[in-house]
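J.: Given chain C, work out where chains L and Z should sit, using these hints.
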Amino acid sequence: MKLEGTNTLPASVETVWKTINDPDALRSCTPGLKELKATGPDTYQATLQIGIAAVKGTYAGTLSISDKRAPTHYKITLEGTGGAGFMKGEGSVDLEAQGSGTLLKWTGDLQVGGLIAGVGQRMLGGVGKMLIGQFFKCLEERLGGSA
Amino acid sequence: MKPAPFEYHCPRTVDEGTALLAKYGDDAKVLAGGQSLVPLMNMRLARPANLIDINRIESLAYIRDDGRTLRIGALTRQRAAERAPQVAERCPLLRDALRLVGHAQIRNRGTIGGSIAHADPAAELTAILVALDGEVTARGPKGTRVIAARDLFVSYLTTSLDPRELLTEVSFPALPAGAGWSWMEIARRHGDFALAGVGVVLAARGGKIAHARIGLTGVGPTPVRPAEAERLLAGRAPSEDLWKGAAEAVRAAVTPDGDIHASAEYRTHVAGVLTQRALREAWERVREAA
Amino acid sequence: MPLRRITLRVNGATYAGEAEPRKTLADFIREDCGLTGTHLGCEHGVCGACTILMDGQTVRSCLMFAVQAEGAELTTVEGLADGDRLHPIQQAYWDHHALQCGFCTPGFLMTTVEFLNDNPQPTEREIREALAGNLCRCTGYQNIVKAVAAAAHTLAAAPGARREIGTAAPPRAANVMAAPRKTGGPPGASHRPRHSGKTAKRRSGPKR
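Residue numbers (my numbering), protein chains in the order written: chain C, 1 to 147; chain L, 1 to 290; chain Z, 1 to 208.
Okay, chain C solo, but in the shape it has when bound (with noise of 0.2 Å):
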């Protein structure tokens, strides 16, 4: 499924680049993030526990960085695999300057397959678009932003 959205947040090009590229962010921000460990230049192992409620699945897997255009842009994926299904993000970020600023656009594609895809369809889009806002939620509060 095809989601998109923008983020304004409160730090410069640059900063938010370097936000946006650092593992500890990203450990920090991605939701149900439990282990992130790099396995050569932008590329990380990743283990995730991310569900809703109740319904909660570990899936293991890989985060890699690439198609970078510094400050501007990046291509991140992140694909895994559990017991209860797969998962494969892919997005493209992009970033703007706008004023003190940025501007952040980024557009994904977000695949989920197996048991958790076939039972939990009718959220997926929704729950995928909420998961992700609280990525950038996450990054605005980091670069000092108020939620």
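Accuracy of the hints is not assured; some may be wrong.
Sample of chain C residues lacking proximity to chain L, with all beta carbon distances greater than 10 Å (derived) [claimed, not checked]:
(1) SER12
(2) VAL13
(3) GLN45
(4) ARG122
Here are the in silico distance ranges between beta carbons for each label pair [unchecked claim]:
(5) C:GLU35 x L:ALA49: 20 to 28 Å
(6) C:HIS73 x Z:ARG128: 52 to 60 Å
(7) C:SER28 x Z:ARG128: 22 to 30 Å
(8) L:ALA19 x Z:MET1: 20 to 28 Å
(9) C:ALA117 x L:HIS190: 24 to 32 Å
(10) C:GLU35 x L:ARG68: 49 to 57 Å
Here are the simulated lysine to aspartate or glutamate pairs, DMTMM-like style, with alpha carbons at most 20 Å apart [stated by the list, open to error]:
(11) C:LYS56 x L:GLU7
(12) C:LYS34 x L:GLU288
(13) C:LYS137 x C:ASP22
(14) C:LYS2 x L:GLU265
(15) L:LYS208 x L:GLU288
(16) C:LYS34 x L:ASP26
(17) L:LYS2 x Z:GLU18
(18) C:LYS105 x C:GLU14
(19) C:LYS56 x L:ASP26
(20) L:LYS2 x Z:GLU20
(21) C:LYS129 x L:ASP26
(22) C:LYS37 x C:ASP24
(23) L:LYS142 x L:ASP241
(24) C:LYS56 x L:GLU288
(25) C:LYS56 x L:ASP162
(26) L:LYS2 x Z:ASP32
(27) C:LYS56 x L:ASP27
(28) C:LYS129 x L:ASP120
(29) C:LYS129 x L:GLU265
(30) C:LYS88 x L:ASP162
(31) C:LYS68 x C:GLU90
(32) L:LYS2 x Z:GLU124
(33) C:LYS2 x L:ASP259
(34) L:LYS2 x Z:GLU31
Don't read these hints as lab results, they were simulated from the structure. As the structure is a prediction and not an experimental result, all values here were calculated from the model. Don't be surprised by glycine CBs; every beta carbon is placed ideally from N, CA and C.
T.: For chains L and Z alone, coordinates are given in the frame of chain C:
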């Protein structure tokens, strides 16, 4: 075995139940009707380490009517509420919506409290609670508190209840005397989750609408109360144009997701259509009651 | 998980077994009680193949744990026939070819028992709505609807016919309230299915 292993607890009183929740917190899940939880457990999508079966807490099953409010114990079966004379008299909107909750087999076990606490985005009861400004009572380690409907529903399957809290009572304000009501929903098959659903109450005075209450389900992560549509209707004389205007206001108030069952555009459109029909039917009932 | 002793009342008899609390009622009925008439279809509450009566009300036995049914009077499909005599609802399903593979049938029968208890003179629409919680992949439902309508007539015409199955025990919990009898509205006259007038000869052979 279908579900993953769990510690099974069967409290007999509310205090025993809350003590267990206080002890196990995040590692526990309350089992009420089980019609939503057990499927998830059978498929191992939910694996609570502790299951707190509250079905033997008989003090939680009741329907009390004080003339202005229906207080329904959390463990009251949906089927019992559907057939209760107090519900038919004080809040027929609830009765009509209950008839469309799943199937009889589901309503024979499913509970009023369970449906509210589970907060499915397409549930009927949550939308009615929000429309009528109802509230719930919850008991936890910090004591008892009352939560208003508008503060209860946070997101998909998520309420503001603490994992250590037990929802004990749901209360619905009675419909005003002479009011009309209507519940309408649309689904592909009878008993399916609603693609969109609307509950409407019209209180009347002097041949005009005194105030309107509207609650929608299936059109977002939580029930929607379209304030603009209600404002549009208040104090006005009923007419087809008025219903149409309210329907447009409802469409502007909802941002549903699309999925394989129905697109966002369809749900938005149909939310308006159902609102129009429900308002028409509600006013018919006002006239019948007069 | 430790096993616990579970005792259930099914079709008027007592069954005891040892099982983990996570064993579903459906599995316990089939494995520990040896009553395999109750079937497993989806095991997540959608298909209705596992439908039984608990204190006279239909429940999805795949969504209950066996421990939860202690103290209740359960009725399964095995409790419908009286020796070799089919229950009128079973007979109607037989007469109207309302089953092919028969897998969904026990669930449909139990749903029909409760439904006709509550609504002895249903319209076709009411029948279709009442059966919506049971799925059938073979028949296309037409003959099931006919069978239920025919069963309604049989039960209405013969007041001595066994109608109240599984309601022997009084309701257990205070919140099980009596259903108001449905009055008014046209009887199924305009929706009466064409009855062939022939009663199928019941074959001898192994009991269902």
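J.: Confirm or reject each hint.
T.: To see whether the hints hold, each was checked on the structure:
Residue-level check passed: SER12 (chain C) sits 32 Å from the nearest beta carbon of chain L, beyond 10 Å. Here VAL13 (chain C) stays apart from chain L, with its beta-carbon at least about 30 Å from theirs, past the 10 Å limit. Look at GLN45 (chain C): its CB is around 24 Å from the nearest CB on chain L, clear of 10 Å, so calling it non-interface holds up. Distance to chain L contradicts ARG122 (chain C) as a non-interface residue, since its nearest Cβ pair spans about 5 Å, not more than 10 Å.
Between GLU35 (chain C) and ALA49 (chain L) the beta carbon distance is about 21 Å. The supplied range of 20 to 28 Å therefore holds. Against the hinted window of 52 to 60 Å, the Cβ-Cβ separation of HIS73 (chain C) and ARG128 (chain Z) comes to about 57 Å, which satisfies the hint. Checked against the hint of 22 to 30 Å, the C-beta distance between SER28 (chain C) and ARG128 (chain Z) comes to roughly 54 Å, which is inconsistent with it. Remark: the range hint 20 to 28 Å for ALA19 (chain L) to MET1 (chain Z) is upheld by a beta-carbon distance near 22 Å.
Against the hinted window of 24 to 32 Å, the Cβ-Cβ separation of ALA117 (chain C) and HIS190 (chain L) comes to about 26 Å, which satisfies the hint. About 54 Å separates the C-beta atoms of GLU35 (chain C) and ARG68 (chain L), a value consistent with the hinted range of 49 to 57 Å. The suggested pairing of LYS56 (chain C) with GLU7 (chain L) holds, with an alpha-carbon distance near 18 Å, which does not exceed 20 Å. A distance of roughly 60 Å separates the Cα atoms of LYS34 (chain C) and GLU288 (chain L); the hinted pair therefore is violated under the 20 Å criterion.
A C-alpha spacing of about 16 Å is found between LYS137 (chain C) and ASP22 (chain C), which places the hinted pair at or below 20 Å, so the restraint holds. Between LYS2 (chain C) and GLU265 (chain L), the direct Cα distance comes to roughly 16 Å. Compliance with the 20 Å bound is thereby established for this hinted pair. Between LYS208 (chain L) and GLU288 (chain L) the CA atoms are separated by roughly 14 Å; this keeps the pair inside 20 Å, and the hint holds. Proximity of LYS34 (chain C) to ASP26 (chain L) is assessed by CA-CA distance (about 17 Å); at most 20 Å being required, the pair is judged to hold.
Distance check on the hinted pair: LYS2 (chain L) and GLU18 (chain Z) sit about 17 Å apart at the alpha-carbon level, within 20 Å; holds. For a cut-off of 20 Å, the pair hint linking LYS105 (chain C) to GLU14 (chain C) stands: about 15 Å separates their Cα positions. Note on LYS56 (chain C) and ASP26 (chain L): the hinted pairing holds, with a Cα-Cα distance of about 12 Å set against a maximum of 20 Å. For a cut-off of 20 Å, the pair hint linking LYS2 (chain L) to GLU20 (chain Z) stands: about 11 Å separates their Cα positions.
Note on LYS129 (chain C) and ASP26 (chain L): the hinted pairing is violated, with a Cα-Cα distance of about 25 Å set against a maximum of 20 Å. This hinted pair checks out: LYS37 (chain C) and ASP24 (chain C) have alpha carbons roughly 11 Å apart, not beyond 20 Å. Proposed proximity of LYS142 (chain L) and ASP241 (chain L) is contradicted: the alpha carbons are some 51 Å apart, above 20 Å. Proximity of LYS56 (chain C) to GLU288 (chain L) is assessed by CA-CA distance (about 50 Å); at most 20 Å being required, the pair is judged violated.
Restraint check for LYS56 (chain C) and ASP162 (chain L): satisfied, since their Cα atoms lie roughly 17 Å apart, inside the 20 Å limit. For the given pair, LYS2 (chain L) sits about 16 Å from ASP32 (chain Z) by alpha-carbon distance, which is consistent with the 20 Å threshold. A distance of roughly 12 Å separates the Cα atoms of LYS56 (chain C) and ASP27 (chain L); the hinted pair therefore holds under the 20 Å criterion. A hinted pair counts as satisfied when its Cα atoms are at most 20 Å apart, and LYS129 (chain C) with ASP120 (chain L) qualifies at roughly 17 Å.
Only pairs whose Cα atoms come within 20 Å are accepted, and LYS129 (chain C) paired with GLU265 (chain L) is accepted, the gap being roughly 18 Å. A C-alpha spacing of about 31 Å is found between LYS88 (chain C) and ASP162 (chain L), which places the hinted pair above 20 Å, so the restraint is violated. Between LYS68 (chain C) and GLU90 (chain C) the alpha-carbon distance is near 14 Å, which keeps this suggested pair within the 20 Å criterion. For the proposed pair LYS2 (chain L) and GLU124 (chain Z), the alpha carbon gap of about 37 Å is over 20 Å, so the pair is violated.
Annotation: proposed proximity of LYS2 (chain C) to ASP259 (chain L) holds, straight-line Cα distance about 12 Å (limit 20 Å). For a cut-off of 20 Å, the pair hint linking LYS2 (chain L) to GLU31 (chain Z) stands: about 14 Å separates their Cα positions.
Going down the numbered hints, you'll see the structure goes against 4, 7, 12, 21, 23, 24, 30, 32, while the others check out.
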